[in-house]
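Let chain A serve as the given structure and place chain B on it in line with the hints.
Chains as they are written, first to last, in our numbering: chain A, 1 to 264; chain B, 1001 to 1126.
What the hints contain is simulated information worked out from the structure, not anything from laboratory work. None of the values given here were measured: they were computed from a predicted structure. Treat the hints with caution; some may be incorrect.
Unchecked claim - DSBU-like mimics (lysine-lysine), calculated; alpha carbons at most 30 Å apart, straight line:
{"no.": "1", "chain 1": "A", "residue 1": "K153", "chain 2": "A", "residue 2": "K47"}
{"no.": "2", "chain 1": "B", "residue 1": "K1068", "chain 2": "A", "residue 2": "K153"}
{"no.": "3", "chain 1": "B", "residue 1": "K1095", "chain 2": "A", "residue 2": "K153"}
One letter stands for each residue in the lines below.
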Amino acid sequence: MMRLFAMKVSTGVMILGVLIGSAMVADTARADPRRFGYSYETTTMPKGAWEYEQWVTWKTSKAEDRNFDRIDFRHEVEYGLADNWQVAFYLSDWRYEHGDSVEDDGTSWQNVALETIYSITNPVTDPIGSAVYGEVRIGEHEVGVEGKLLLQKDIGPWSIVWNGILEAEWEGEEFGDYDERAGELAQTFGVSYQIVPQLTAGFELLHEIGIDEWEEFGDHVVYVGPNVSYRGKGWFITVTPLFQVTDLADEADFETRFLFGIEF
Amino acid sequence: MCAKRVSTNRLHHPLGAAAVVVVALFTSGCMTLEQMAPPVTTELTAYAQDNGQTLAEGRRIYLTTCAKCHAVEPIGRYSLARWRRIMPDMLDEAKLTGAEADAVTTYVMTARRALDNPAFNAKPGA
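So here's chain B without its partners, still in its complex pose:
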C-alpha cells in the first residue's frame, strides 16, 4: 500500500514524469546491435552466395561508416524491395569504394533475407 502511494506520487511530480518519459523513450529505441544487424554466423552465411569474409566486412562497414551519418538502422525495419531503393543513395553518400559497396550490399540483403525466416530469428545471437 505504502509502496503504491510512493510510486503514484513520483509519477505526479513533473520531474518524475519527465524521467519516466525519458526512460521509456530510451528503452523503446534500444535494440541490441545483434538484433539490428545480425552477426555473421554459420546460420547467416547459409543465406549468402558469398563467403563469410565479405559478409563480415559488409557488417563492419554497416556499423561504422554508415552510422557516421545516422543511427544504425535495424535491417528488419525495411523490406528487401525498400532496401534495394535505399542502398544506391546511401552507398553514394558514404563515399564507398566498389568493393566496400558490394560487401555492405551483400551483407544487408543477406541479413534481410535471413530475417524473413522465423527459424533464423529464433536462433540465439541472430
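Chain A on its own, in the form it takes in the complex:
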C-alpha cells in the first residue's frame, strides 16, 4: 500500500518537475495567468495575444478501486480576439488510465474542442465581474457542449470567483453513432489572495451532479482543496489539489490539476 502511494506521489512530483522545468527555460514571453485550477476568471487575454496552456489532471484512488489512476492531458492554444473576447482550441485531449474499474488500461485519445469566453463586466471597476463561456468538443466516442456563467469580484489582493456549469454529452461506440446522452450540472467556487504580485494562494471547491439520460439526477460529489499560482515574466504555473469530501465509492478520492501557460 505504502509502495503504491509512494509511486503515485513520485508520479505527481515528476509531472510537477517537468512543468516547472519547462517554465524555467521560458522566461522571455508573456502569459495571461490563471489563479485557479478549476475555476475560470471573467477577464480575458489582451487583444492579439497568443498563449499555450498545458493541462495535466491526475485522479487517483476510488473507494471501490484503490489501484485507480487517470491522467488527463490537454494542449490548448488561446488567442485574444478583443480585449474582452478570447477563443481557444484544444488541440488534443488524451488520457492514460489504469485500475480494476478500468475496461482498457492504457492511453486513449479523447477529443478536440473549441472554446470561447466573452467578458461582460469587469471584476475591479464594476460591482461584479461577469463573463459567458461556451465550448464544443468532438471525439471518436463523444460530442459535447458546455456553457458556463462566470462571476468574479476582486477586492484589493482578494479574488473571489464562482462558475455555474451546464454540460450536455452524447456518447457511442462508433464515430457519429452517439446513442447515449447525459448531462451534468456543476459549480465551482474559489478564493485567492495575492501574497506578492507573482504569487497567489487560496482554495477551491468543485461540486458536480450527473444527469443520466437527462432524466435522473445522480449523486452529488464535492471536492475541496487549496490552490497556488506563481507567475513569471511571460509564464505561469497553477496547482490545485482537491480532496473528495463526499463519500462516493465510484469517484476518485483525490485529484489535482497542474496548469502551465506561456505566451508566444
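This is chain B only, laid out in the frame that chain A set:
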C-alpha cells in the same frame, strides 16, 4: 461580563480564531479603489501637463488591463523613481499600444506626484 466571556470563548475556538484571521487579512488588504488609484478630478488634473481625458483613459487601463495579471497596486505604495523602473516592464507585458502606454504612464506618474502632497490626500475622494 457575560459578553466578554462569550467573546473570549469565540477566540479560543479554532474556527473562531480562523474567522478572525480571515477577517483581519481581508480588511487589512482592503483599500478603496479611490485610495489605490485616485479618480480623475480637477484636483488631480492640476498636477498634469496633459488634459483630463488622457488621465481618465490611463486610469481605466490601470484598473482593467493591468489588473488582469495582478491585483490593483496602490499607486502610493511605490516612489516615483520606483514607478519609473516598474512601468517599462509592465507596459511591455500588458501588450499596450503606444497611446495606451502613454496614457497609463501619464496617469500613474501624475497620481503619484499628487499623492506626495498632503493637501491632495486630504481632499475627499482623492
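Worksheet item: Which hint numbers doesn't this structure obey?
Response: Violated: none.
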